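The lines below spell out each chain.
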Amino acid sequence: MIDKLLMYLSYPFVQNALIVGVLIALCSSLLGVTLVLKRFSFIGDGLSHVAFGAMCIAGVVGLTNDMLLILPVTIVSAVLLLRKGQRAKIKGDAAIAMISVGAMAFGYLIMNVFSTSSNLTGDVCTTLFGSMSILTLRRSTVWICAILSVVVVIIFVLFYNKIFAITFDEEFAIATGTNAERYNLVLAVIIAVIIVLGMNLVGSLLVSALVIFPALSAMRVFRSFKSVTVCSAVLSVVCAMSGMIISILTGTPVGSTIVAVDVGAFAVCYVIGWITGGARK
Amino acid sequence: MALLTVKDLTLGYDSREIVSDLHFSVNAGDYLCIIGENGSGKTTLMRTLLHLQSPMAGQILAGDGLKLNEIGYLPQQTIVQKDFPASVSEIVLSGCQGRCGLRPFYGKEEKKLAKENMVRMGVSNLAGRCYRELSGGQQQRVLLARALCATRKVLLLDEPVSGLDPKVTADMYELISKLNREGITIIMISHDISAAMRYATHILHIGDSVFFGTRDEYLRSDAGRIFLSQKEGGENT
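Chains as they are written, first to last, in this note's numbering: chain P, 1 to 281; chain G, 1 to 237.
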């Protein structure tokens, strides 16, 4: 088994996949706490559907690098959704449902009508569940993922205190002179980038699991914002790493294996939280 | 010049007027209680003073070198905060966010300020504890320490004692009163008429009739007499 693993690890495309996977897992976990606490868990889900729609269009138009279309479309949707959330006639969750389901329907429709691919079902399945695409990443995509991940991590660190302030109490932050609107915008852009990155790893249906599971797990065990953030980052990286290795060794699909490991980690954290919480009281 | 001057203010939302032609001013060192029935616009007034929403008409002027981001605010607790994983020191420190501007991290000065205010509110022994595991009174003290990090001059308090037991309520009022004696101007929304009468220097009553003046004037006024007798009647039954 070890030999098999080492053999795989000596291939550059496997190394690439692992590096990209780890980077994506790291940055996808960072904003999980904020999204869960602001009751935005579904935004990740909604955005991934939008990204799916954009990906279909990119595929049909024949863009060589589909990120160029997916990223801007998703960012715009994220900004609109977070903006609308505050003072819209259609309430946040309904708006998300509308946009996401609509985008998905149109994406599949366009793919079906215009696609030249011989294996349509396979293509759709790949976009939705990620399949083995992480191992067949092109060099350009690897670079884009790596650069974007690093940028997301840097922005998160720089805005960490401001993100904390607007997550804990947005009204207080505004009243005491923090430009919450600006930072919500930053938040929206980062979320969109994370979703698009995450889709490469686990596919669009599973990407919100990558965002919220590590955060929810960490919140079971830790009790300060900093420790929760650090723990969810570590947890996410460990889960993604072990998920990828398991999938390489056993031949299971990458995306669902990683998410399954995430779910397992949540169960473990839940039990730990239950025990330590019980002991404390 | 007064710290805050409100002129011809009309409040409301969705083009529905709640209060119109409101006039009052707050001087440094005042202890103003805003009272009135539920739905009379107390919270709307507070949100307008904090620039969380814009007035339908009229002006709010700040004087005495008070900048708009130098107001401390103790909001009513939100649902989000009830299960927020954050330590006490993280929360108090976040009160300094306004003075950081674009600077990404807190400096020595902010950390010192946060520490001082934790000591001032008697929560420094809780610094590493998780906020959601504290009692209601402790949580209010933490939020008060955070508000003090944002201001040296004015505190706006929205029902600071709601949900607290009588003993903790009394402590909370004493604490607020102590801050007032130390020179911080207090503007407080309250349901608790007897406490308002005991601690406030000025009363703003909004509702069907609007009254603004000192506490003694209020006790002598028609609006005050009617409201007080109603309240007492209500409490006795």
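Warning: the hint list may mix true and false statements.
To be verified - Restraint-style ranges between C-beta atoms, simulated for each label pair:
(1) Pro72(P) - Leu61(G): 48 to 58 Å
(2) Lys67(G) - Val151(P): 51 to 61 Å
(3) Ile275(P) - Asn125(G): 22 to 32 Å
(4) Leu80(P) - Phe105(G): 48 to 58 Å
(5) Ser209(G) - Asp93(P): 33 to 43 Å
(6) Ala97(P) - Thr201(G): 28 to 38 Å
(7) Val186(P) - Val80(G): 36 to 46 Å
Claimed, not checked - Straight-line alpha carbon distances no greater than 30 Å define the calculated DSSO-like cross-link-like pairs of lysine-lysine that follow:
(8) Lys226(P) - Lys167(G)
(9) Lys167(G) - Lys178(G)
(10) Lys226(P) - Lys178(G)
(11) Lys108(G) - Lys226(P)
(12) Lys82(G) - Lys226(P)
(13) Lys115(G) - Lys153(G)
(14) Lys38(P) - Lys82(G)
(15) Lys167(G) - Lys108(G)
(16) Lys7(G) - Lys112(G)
(17) Lys178(G) - Lys38(P)
(18) Lys115(G) - Lys226(P)
(19) Lys38(P) - Lys111(G)
Just so you know, the hints here were simulated from the structure itself, not pulled from any lab data.
Predicted model, so just to flag it, every value in this text is computed and none were measured.
Beta carbons: idealized from backbone N, C-alpha and C, even for Gly.
Quiz prompt | Those earlier numbered hints the structure runs against, lowest number first | solution = 1, 2, 4, 6, 7, 8, 10, 15, 16 and 17
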